[in-house]
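Line by line, the protein sequences give chains A and B. Quick note: the first sequence, position 190, residue 190 per my numbering, numbers continuous. Quick note: the second sequence, position 235, residue 235 per my numbering, numbers continuous.
Hints listed in this document are in silico derivations from the structure and should not be mistaken for laboratory results. You may find that some hints are simply not true.
Said to hold, decoys possible - Chain B regions said to be covered by chain A (calculated; three or more residues, Cβ under 8 Å):
no., segment
1, 42–50
2, 259–266
3, 270–284
4, 300–311
What the hints assert, rightly or not - With a straight-line cut-off of 35 Å between C-alpha atoms, the simulated DSBU-like cross-links for lysine-lysine are:
no., chain 1, residue 1, chain 2, residue 2
5, A, K293, A, K68
6, A, K106, B, K294
7, B, K106, A, K19
8, A, K287, B, K293
9, B, K87, A, K287
10, A, K135, A, K106
11, B, K68, A, K87
12, A, K294, B, K287
13, A, K106, B, K287
14, B, K287, A, K87
15, A, K106, B, K293
16, A, K106, B, K285
17, A, K293, B, K294
To be verified - Computed far set for chain A versus chain B, every beta-carbon distance over 12 Å:
no., residue
18, G138
19, K287
20, V304
We put the beta carbon where it would ideally sit given N, CA and C, even for glycine.
So you can see what is in the structure, the chains are spelled out below.
Number of protein chains: 2
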Amino acid sequence: MNKDTLLNVYNNIQAYIHKTPVLTSRLINEIVGAELYFKCENFQKMGAFKMRGATNAIMQLNEAEKQKGVVTHSSGNFAQALSLAAKSLGVTANIVMPKNAPQVKKNAVLGYNGVITECDSTVIAREREAAKISKHTGATFVHPSNDINVILGNSTATIELLEDYNNLDIIVSPVGGGGLIAGTALAAHYFKSDCEVVGAEPIEADDAYRSLISGKIETNETVNTIADGLRTQLGDINFPIIQQHVKQIVRVEETEIIDAMRLIYERLKLVVETSSATTLAAIIKEKHQFSNKKIGVILSGGNVDLSALPF
Amino acid sequence: MNKDTLLNVYNNIQAYIHKTPVLTSRLINEIVGAELYFKCENFQKMGAFKMRGATNAIMQLNEAEKQKGVVTHSSGNFAQALSLAAKSLGVTANIVMPKNAPQVKKNAVLGYNGVITECDSTVIAREREAAKISKHTGATFVHPSNDINVILGNSTATIELLEDYNNLDIIVSPVGGGGLIAGTALAAHYFKSDCEVVGAEPIEADDAYRSLISGKIETNETVNTIADGLRTQLGDINFPIIQQHVKQIVRVEETEIIDAMRLIYERLKLVVETSSATTLAAIIKEKHQFSNKKIGVILSGGNVDLSALPF
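If we strip away everything but chain A, and leave its shape as in the complex, we get (with noise of 0.2 Å):
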């Protein structure tokens, strides 16, 4: 892997996708003491970064294997991200959900013509029912978070940060599978080498923050965080990047989410999910580490339950 690698995948999903503006705002500049570039993934096709990955991961398949679609499980963004890059791409997803997830997100999915198989909602039942869906049909399972060509994908939201702005020090990406972080990772290593990519992480599913001390993948008993994108663990594939090329995990508390979400829609207008007010609060919580630096914060998505705002 080269900057080549990342730069030809930039090249080949670029019509598929939205290059995403960065929006900063003066006030929250001088709550923090630095400057920041949110990198606005909440304005992507189908509301979040995910479909930078999913179209990638499609992409990176042959014609015989495109013939035979794509499965996945997930109840959330990456659900309709494979279905809409999918449909884009002309090939079939085949997204596996437990029976209990809200009928709007099975809508979600159904409008970009995803096929959906119902199955109980532990981790098991799931990854068991997408199995028998890909030996049935052929078609390649695609993980969410821990696929090479998904990393890949997902590291483009940064390439184009840096194209923007290339004088950033540091990037803070939310961790939750690791999808994410690890392809801000390898962006930040091949095109600019001495910017740093720090992780922010909720304290109440701090998985990756033990996984790095402890130099094994380690998993939560709990996850009471209302980041609930960021509930998952990180995989055997993104942990080695994050190990390598990720300085530090900062953790934070659900109520220094919710105040960073609402300094996002009060401040910078936007309406972003919890997952992506993890940055923004970990730069407030540490803020004498980040002062007068210029920190890339990438706001990962805007797909939010309005009704259930945590203000």
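Since the structure of chain A is already known, use the hints to place chain B on it.
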């Protein structure tokens, strides 16, 4: 007045305002069957288009007048806009606010160095207090919407919009005090004379709709609308401009405003004020009329109480 009048205003204020982005949504376009181009004045400095008019009003003063400052009465966006514009230009802004205005609004004005004078919450008390300040200090009174320099400043949002999209058939603007739609109409007239301007107004405060029919400025007996920025009425300076250049005003129900607002949050991922949502509500309501058109939509601002969202 001619095109150069507006261009000069734009050139003058450009350094003090943001050129705001224009966003689109494939799904919203599908819903309405037209191409919508949302002009994001919620990203304007202090969060609303009012920054444009306030800045121009102050810049038109001579040095002696600037020394003596400006005064207005407002508890909303114009109070903040005049305070920030005055601060940027080294001028004192006196803001008359009702005693019972929320502390958060007072703080916003104070944050921009505005000098607050409190008064009773009646219109008469506010006008009297502003006149008194003007008499004592020599400060120039600037009306939030019924002032030609404010109107010309507001026109620059549409100048920018037509600069980016010179093929628009229609521009839809909210109607409150009339300062925004009058500016919109002037810019459309001088920069693309075949582009129609349509107003969007709550049925619950439909003074402008009735004024266009009767040919004189009508008032509202009640203003039971969630669109708090649109509870004001037209004035003698903006009304003739609206009569001459605004083709139509579409009136919308409260539920239509709320539904459109939700769509803007969910699909555009933007935080906007209720007033801004009247535009999309009007387009959805009259979608047969707007079908297949290229429509500019002025999202007037984003200063909303997040604790009181209607969903």
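Against the structure, the hints come out as follows:
Under a criterion of three residues with beta carbons nearer than 8 Å to beta carbons of chain A, the stated coverage of the segment 42–50 of chain B is upheld, 3 such residues being counted. Under a criterion of three residues with beta carbons nearer than 8 Å to beta carbons of chain A, the stated coverage of the segment 259–266 of chain B is upheld, 3 such residues being counted. Look at the segment 270–284 of chain B against chain A: 3 of its residues bring a Cβ nearer than 8 Å to a Cβ of that chain, three or more, so the hint holds. Proximity of the segment 300–311 of chain B to chain A, defined as three or more residues with a beta carbon under 8 Å from a beta carbon of that chain, is established by the 5 residues found.
The suggested pairing of K293/A with K68/A is violated, with an alpha-carbon distance near 48 Å, which exceeds 35 Å. For the suggested pair K106/A and K294/B, the alpha carbons sit about 32 Å apart, so the restraint of at most 35 Å is met. About 39 Å separates the Cα atoms of K106/B and K19/A, which puts this hinted pair outside 35 Å; it is violated. A distance of roughly 48 Å separates the Cα atoms of K287/A and K293/B; the hinted pair therefore is violated under the 35 Å criterion.
A hinted pair counts as satisfied when its Cα atoms are at most 35 Å apart, and K87/B with K287/A qualifies at roughly 28 Å. For the hint linking K135/A to K106/A, the alpha-carbon distance of about 23 Å falls within 35 Å, and the restraint holds. Between K68/B and K87/A the alpha-carbon distance is near 63 Å, which puts this suggested pair outside the 35 Å criterion. In summary, the hint linking K294/A to K287/B is not supported, as the alpha carbons are separated by about 45 Å, beyond the 35 Å threshold.
Taken as a hint, the K106/A and K287/B pair is honoured in the structure, with Cα atoms around 28 Å apart against an allowance of 35 Å. Only pairs whose Cα atoms come within 35 Å are accepted, and K287/B paired with K87/A is accepted, the gap being roughly 28 Å. Simply put, K106/A and K293/B have alpha-carbon atoms about 32 Å apart, close enough for the 35 Å limit, and the pair holds. Only pairs whose Cα atoms come within 35 Å are accepted, and K106/A paired with K285/B is accepted, the gap being roughly 28 Å.
Using a Cα cut-off of 35 Å, the hinted pair K293/A and K294/B is violated, with the two alpha carbons roughly 42 Å apart. Its beta-carbon lying about 31 Å from the closest one in chain B, G138/A satisfies the requirement of being farther than 12 Å from that chain. Taking the minimum C-beta to C-beta distance to chain B, about 20 Å, the non-interface status of K287/A holds against the 12 Å cut. Not every C-beta of chain B lies more than 12 Å from that of V304/A, the closest at about 9 Å, which undercuts listing it as non-interface.
Violated hints, in rising order: 5, 7, 8, 11, 12, 17, 20; the structure is consistent with all others.
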